[in-house]
Structures are given as C-alpha cells and as structure tokens.
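Chains A and B are the protein sequences, given in the same order. When the letters of the first sequence are read in order and numbered with numbering that gives the first Met the number 0, they come out as residues 0 to 265. When the letters of the second sequence are read in order and numbered with numbering that gives the first Met the number 0, they come out as residues 0 to 76.
You may find that some hints are simply not true.
[Said to hold, decoys possible] Taking lysine-lysine pairs in the DSSO-like style, the calculated list, with each CA pair at most 30 Å apart, reads:
#, chain 1, residue 1, chain 2, residue 2
1, A, K240, B, K63
2, B, K16, A, K181
3, B, K14, A, K181
4, A, K160, A, K221
5, B, K63, A, K253
6, A, K136, A, K181
7, B, K63, A, K181
8, A, K197, B, K13
9, A, K221, A, K236
10, A, K254, B, K63
11, B, K14, A, K136
12, B, K13, A, K181
13, B, K63, A, K136
14, B, K13, A, K136
15, B, K16, A, K197
16, A, K160, A, K197
17, B, K14, A, K197
18, A, K225, A, K160
[As the list claims (entries may be wrong)] A partial selection of chain B residues facing chain A, derived with a Cβ cut-off under 7 Å:
#, residue
19, L40
20, E41
21, S44
22, E47
23, E53
24, P55
25, D56
[Stated by the list, open to error] Counterexamples of contact, computed for chain B against chain A with all Cβ distances above 12 Å:
#, residue
26, Q5
27, R6
28, G12
29, K16
30, D18
31, P24
32, Q70
33, D73
Simulated from the structure, these hints should not be mistaken for lab results. Each residue gets a CB set at the ideal place from its N, CA and C atoms; glycine is no exception.
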Amino acid sequence: MTAAGAQSPLTLTLVDGVYELELRAPPVNEIGLPMLEALERALDELDPAQGRALVIYSSLSSGFCAGADLRALYQGMLATPELEERRRRVSDFIDRIHVVMNRLDTLPLTTIAAIHGVCFGGGFELALTCDVLVADKTARFCFPELRLGIVPGFGGIPRLKREVGNGVVRDLLLTGRSMNAKRAQNIGLVSQMVAQGKQLDAARATARQAVRFDRAAAETCKAFIKPIPYAELEAEKELFKRLSVRPVVLDALKKFVESTDVRPYL
Amino acid sequence: MSDTVQRLIALSGKKFKVDSSAFTPESDFFLVLGIDSVQSLELLSEIELEFDVEIPDYELTGVKTFVGLAQVIDDRR
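Same shape as in the complex, but just chain A (with noise of 0.2 Å):
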C-alpha cells in the first residue's frame, strides 16, 4: 500500500498489522503544503481495523524532520505582501497541521517514532504526537522557533509539556538550543536510545510487541494515559499566528534563507 506516487515526500505502508510511515522528502522532511497533504492523505488510508501499530521513521541519512519548511514559508510571505492575506494563509495552514498533528495523537493505534538525526521544531512536534519515542544515538531535538521571532506552532509545546518538566519546557524554549537522545531518555521524553541506526529495528520490534495485546484495552489504556491538551493547543495556534506575520519574522526568514553560513546552529 502507498499513500501516493514516487514523488510523494512519504510512504505509507501496512506489513503484518503495522503501518509504516516513510518520511522520504529531502534535504530533512521539511513540513510545508505538500508534507501536510500527504500526511492527510496517509492518515485517510489508515485503518485501524487492518493496522494496530504504527511507526513514523525517515529514510533519509540527514535526520527525522528538520520542522517547517522555512523556504517555502518565506517565498509564500514574499508572494502575499497583503498583511491580512498572509495572515489568512498563516492561519488556514496552521490550523490544518494542527488538524493532522491531533488525528495523529489520538489514532486508535500504538503509535512510535523512530528517530535518528535532526529531529527540530515541527520535526519534534510531529514526534510529540507519538506514543513512544525511540531514538538512536544520533538523535538531537531543539525548538529553534524564538530565534526566528516565533513559537512552535504545530502543537509542540502543550505536547512538551504533557511529556516533561516546565523547568526543561522553559530551557529548550527560551534558549532554543539542542539536546541529545541521552538527554532526552534522562528527562523522560525519549523511552528508547539504540545504537546508532537501529531505531527502526527497535521501534518495529515495539510495535510487533503492541499488535500482541487485545485491541479494546490498548485503546482504553491509551486514552487514559494521554490526555490531548486541546484548550492549550488552541492558545498556541493563536499565539503563532499573532508572532508570525509579524516584519521581524520575515527579516529573520530571510536571513535564514540567505544564509549560505555551514554553521547556523553553532
């Protein structure tokens, strides 16, 4: 099975009860329109019914997800000068990821990322959404969003914070720097750190594992431990979209695109 054609930025694939999900579009999975439109045609083919687990991995060497698709963000702000314009587009994106990353959130299956690389900004929101987080060793996850003069905004910080500590919330926010998967596991985020390049081998023998049990009480069980903080998900939708129109952003987007700089992140 497969969500679309071989120009689709994923696959989407059932093997023995298992959904794989394929994140295949280079540099580093970046999230702009047709990342979003294939997400939501992965998740219209899911069904539950045939599928009980589902792994989300990239197959590219760079990373997971690098988060939004920052060039393409820029090239559509320069293409909308009309302030009221960019910020209907802002928010009709906005609030289809959100859309996405909450059907995502509250599948009826066991849900698990398998990281490796850069996993940044939306990248990290969209594992957020998982139920279990495998990482290897090469894993390393940041919210880079202030240094652009905006917050993340595809849910990632309710889901941060139902995961960890406000103290690490506040440090990983507010500085926007980077933490590894040793990290990670220590402040509970991360449940599994393999090897470098085994997390897919250790995120499907998680998922083989969670087909084994009765349907009804992983579903139950789930629900109960992972509540959805829909009012803060709300809050932030609205404060990303305030932020981000804003002439600071596009300056900062614009700096970022330009940047022919090899260390933007040291």
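Given the coordinates of chain A, assemble chain B onto it according to the supplied hints.
Structure of chain B alone, referenced to chain A:
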C-alpha cells in the same frame, strides 16, 4: 596538546573518516573535517556522549578550533 584536544581530534577524524594526523589544536574543525551544519550536530552529539557532558549550542558560538572546543568541554566536566 591536552588530553581533551587529543581525544577530540581522534574522535572527529574517526567520525568523519578523515586523516587527522595533520590536525593541530588551532585547526578550524569545520574546514579540516569538511562538515556542514547537520554534520556539526552529529559531532556535537558524539562529543557529548564521548566526554559525558552536555553542551548548549550557544556555548559554541564563535568556537572554531579544536582547542576552543576542548576548553568548552573541560568547562562542563
């Protein structure tokens, strides 16, 4: 050359499969390793695990040499 610098040079060369015999403490590690921004994050993770330290990215702003990197590592141990 300090122990930290020696270990750092050896680890970096091995990680990116580069002959590190000509590296000096003052070598610009981005240049001699030929790495990009994503690879620099890989190096940071490798360093943190090898030296059992945690280094916030902002502490590496402007750090270009192995000796500079070693100083940041030693300050965090």
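Worksheet item: Which earlier hints can't be squared with this structure?
Response: 1
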